[in-house]
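Trainee: Build the full structure now, drawing on both the sequences and the hints.
There are 2 protein chains.
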Amino acid sequence: MPIKVVAFDGDDTLWHNETHFNFTQAALRDLLRGHAPNADVDARLFETEIANLSLYGYGIKSFTLSMIETALEITDGTIPASDLKVILDWGKRMLREPTELLEGVRETLLGMSQNHQLLLITKGDLFDQESKLARSGLAERFAGVEILSDKNVDSYRRVLSRRGIDAGEFVMVGNSLRSDVVPVVQLGGRAVHIPYEVTWQHEHVPEDELPKHGWRRISTIAELPSTLEEL
Amino acid sequence: MPIKVVAFDGDDTLWHNETHFNFTQAALRDLLRGHAPNADVDARLFETEIANLSLYGYGIKSFTLSMIETALEITDGTIPASDLKVILDWGKRMLREPTELLEGVRETLLGMSQNHQLLLITKGDLFDQESKLARSGLAERFAGVEILSDKNVDSYRRVLSRRGIDAGEFVMVGNSLRSDVVPVVQLGGRAVHIPYEVTWQHEHVPEDELPKHGWRRISTIAELPSTLEEL
Numbered sequence: 164m165p166i167k168v169v170a171f172d173g174d175d176t177l178w179h180n181e182t183h184f185n186f187t188q189a190a191l192r193d194l195l196r197g198h199a200p201n202a203d204v205d206a207r208l209f210e211t212e213i214a215n216l217s218l219y220g221y222g223i224k225s226f227t228l229s230m231i232e233t234a235l236e237i238t239d240g241t242i243p244a245s246d247l248k249v250i251l252d253w254g255k256r257m258l259r260e261p262t263e264l265l266e267g268v269r270e271t272l273l274g275m276s277q278n279h280q281l282l283l284i285t286k287g288d289l290f291d292q293e294s295k296l297a298r299s300g301l302a303e304r305f306a307g308v309e310i311l312s313d314k315n316v317d318s319y320r321r322v323l324s325r326r327g328i329d330a331g332e333f334v335m336v337g338n339s340l341r342s343d344v345v346p347v348v349q350l351g352g353r354a355v356h357i358p359y360e361v362t363w364q365h366e367h368v369p370e371d372e373l374p375k376h377g378w379r380r381i382s383t384i385a386e387l388p389s390t391l392e393e394l
Numbered sequence: 164m165p166i167k168v169v170a171f172d173g174d175d176t177l178w179h180n181e182t183h184f185n186f187t188q189a190a191l192r193d194l195l196r197g198h199a200p201n202a203d204v205d206a207r208l209f210e211t212e213i214a215n216l217s218l219y220g221y222g223i224k225s226f227t228l229s230m231i232e233t234a235l236e237i238t239d240g241t242i243p244a245s246d247l248k249v250i251l252d253w254g255k256r257m258l259r260e261p262t263e264l265l266e267g268v269r270e271t272l273l274g275m276s277q278n279h280q281l282l283l284i285t286k287g288d289l290f291d292q293e294s295k296l297a298r299s300g301l302a303e304r305f306a307g308v309e310i311l312s313d314k315n316v317d318s319y320r321r322v323l324s325r326r327g328i329d330a331g332e333f334v335m336v337g338n339s340l341r342s343d344v345v346p347v348v349q350l351g352g353r354a355v356h357i358p359y360e361v362t363w364q365h366e367h368v369p370e371d372e373l374p375k376h377g378w379r380r381i382s383t384i385a386e387l388p389s390t391l392e393e394l
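One line per chain: the protein sequences are A and B, in this order. Our numbering numbers the first residue of the first sequence as 164 and each following residue consecutively. Our numbering numbers the first residue of the second sequence as 164 and each following residue consecutively.
FYI, nobody ran anything at the bench for these hints, they're computed from the structure. Please note that a few of the clues may not be correct.
Heads up, the list lumps identical chains together, so a pair's fine if it works in one copy or across two of them.
Quick list of in silico lysine to any residue cross-link-like pairs, SDA-like style, CA-CA up to 25 angstroms [what the hints assert, rightly or not]: (1) K248 / R325; (2) K248 / T187; (3) K375 / A302; (4) K248 / D205; (5) K375 / R259; (6) K167 / D193; (7) K248 / S318; (8) K375 / Q364; (9) K375 / P388; (10) K255 / N278; (11) K255 / L218; (12) K248 / R192; (13) K255 / S245; (14) K255 / H179; (15) K248 / G197; (16) K167 / L391.
Just so it is clear, the structure is predicted and the values come from calculations on it, not from any experiment.
Mentor: Okay, here's the thing in structure tokens:
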């Protein structure tokens, strides 16, 4: 079946995201080293984030709340208020960060929008994602935008059904095997994986749980048009 | 034009919400009184929330971050870490709170779903709103659900256009003049206002800015079916 609809993930597929989280997490490590030199900040923060995921969902506000919780716990409450204010300000800075597109994104979307219907299907905090899209300058490329609280077989199925899209004519393009590739291939759609330089631990998928067919891996978005012809 | 589509706001229209915020805010007042007896906690928190609105948007996570910021500022950083942990836990408790329906909601929606297409159009945090809807037991009543980061003329216009709804056949039902009544009437739709026992200060609209026609005020949702016939 020919491909009619091409959907893109946003964070780390069209614009940089995880590097901002990594940068802030490194700063948190430095900040807490002064108060608790032996703590494994990365591990403790990850534990807190996963414990809070079902309550907070994804996004910068959730990350900020988890950083504060981790800082209070790791320092046994000895972290000074001024440092907590610094953590709050990091969160605000991340929310204000300009949307920095990955290389080749603008040109590729422009080219592909001639022959395909393009969707943005992104996950995370509604307010934050809308604001990033607005600042990206890409909004008019998309025939539709879906911001999901989580990407799984059910949420993709709802999007396709609501939009009257057959899974066989649908391709999802993104950097996350867990969110962009596995559930779409399970639904009978196809997927293209474009790994980003860093991946949040939670998004990893063991190689043996990956689908055998129905998806390809490329290294930059510029390869997408020719890959779609072979998919 | 006959009414075909009836859309409902969620928070404080179908289920209790603002009372949970008020309850937590009263607890914050008590907590901070010990550290800063003369501070006007309500006013300072409101200032912080409004200052953060364009960055955080609506919802419990935003409220929690603003409570922490306010607590740090009002106490000049002397608030103990254990109290900050208490504030974080309040936020989590609010996120876990069962969805408590207002009186008459279940029966009214059931009756109205026979003759109208029902939508839920709610504002706030995506993850939190989806979770509340799931716990409400009302999900199957709605032909569609729209969770918006803000409710204004533009966001309503996009919803109607995406769903192929004519404003003349559309009625919005909600507790907020600012979010549920004014923008919908401006678009040419109709609205029904059902005031809730408390309204967040930010949602108030001066009487002289209210539209003259196109909306009604009722006191409980049970009056809605008969009101629609007169609207």
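Trainee: Each of the hints needs a verdict: does it hold here or not?
Mentor: Here is what the structure says about each hint:
1. K248 / R325: Classified as neither: same-chain Cα gap 43 angstroms, cross-chain 42 angstroms, threshold 25 angstroms.
2. K248 / T187: For K248 and T187, both the intra-copy (14 angstroms) and inter-copy (22 angstroms) Cα distances are at most 25 angstroms.
3. K375 / A302: neither (34 angstroms within a copy, 36 angstroms between copies)
4. K248 / D205: both (20 angstroms within a copy, 20 angstroms between copies)
5. K375 / R259: Neither way: K375 and R259 sit 40 angstroms apart in one copy and 39 angstroms across, limit 25 angstroms.
6. K167 / D193: neither (48 angstroms within a copy, 59 angstroms between copies)
7. K248 / S318: neither (37 angstroms within a copy, 34 angstroms between copies)
8. K375 / Q364: within (22 angstroms within a copy, 56 angstroms between copies)
9. K375 / P388: within (22 angstroms within a copy, 55 angstroms between copies)
10. K255 / N278: neither (39 angstroms within a copy, 46 angstroms between copies)
11. K255 / L218: both (21 angstroms within a copy, 7 angstroms between copies)
12. K248 / R192: both (16 angstroms within a copy, 20 angstroms between copies)
13. K255 / S245: So K255 and S245 pass the 25 angstroms test inside a copy (15 angstroms) and across (24 angstroms) alike.
14. K255 / H179: Within one copy only: 17 angstroms inside, 30 angstroms across.
15. K248 / G197: So K248 and G197 pass the 25 angstroms test inside a copy (16 angstroms) and across (21 angstroms) alike.
16. K167 / L391: This pair counts as within: shortest intra-copy Cα distance 11 angstroms, inter-copy 42 angstroms.
The structure fails hints 1, 3, 5, 6, 7 and 10 (numbered hints given earlier, in ascending order).
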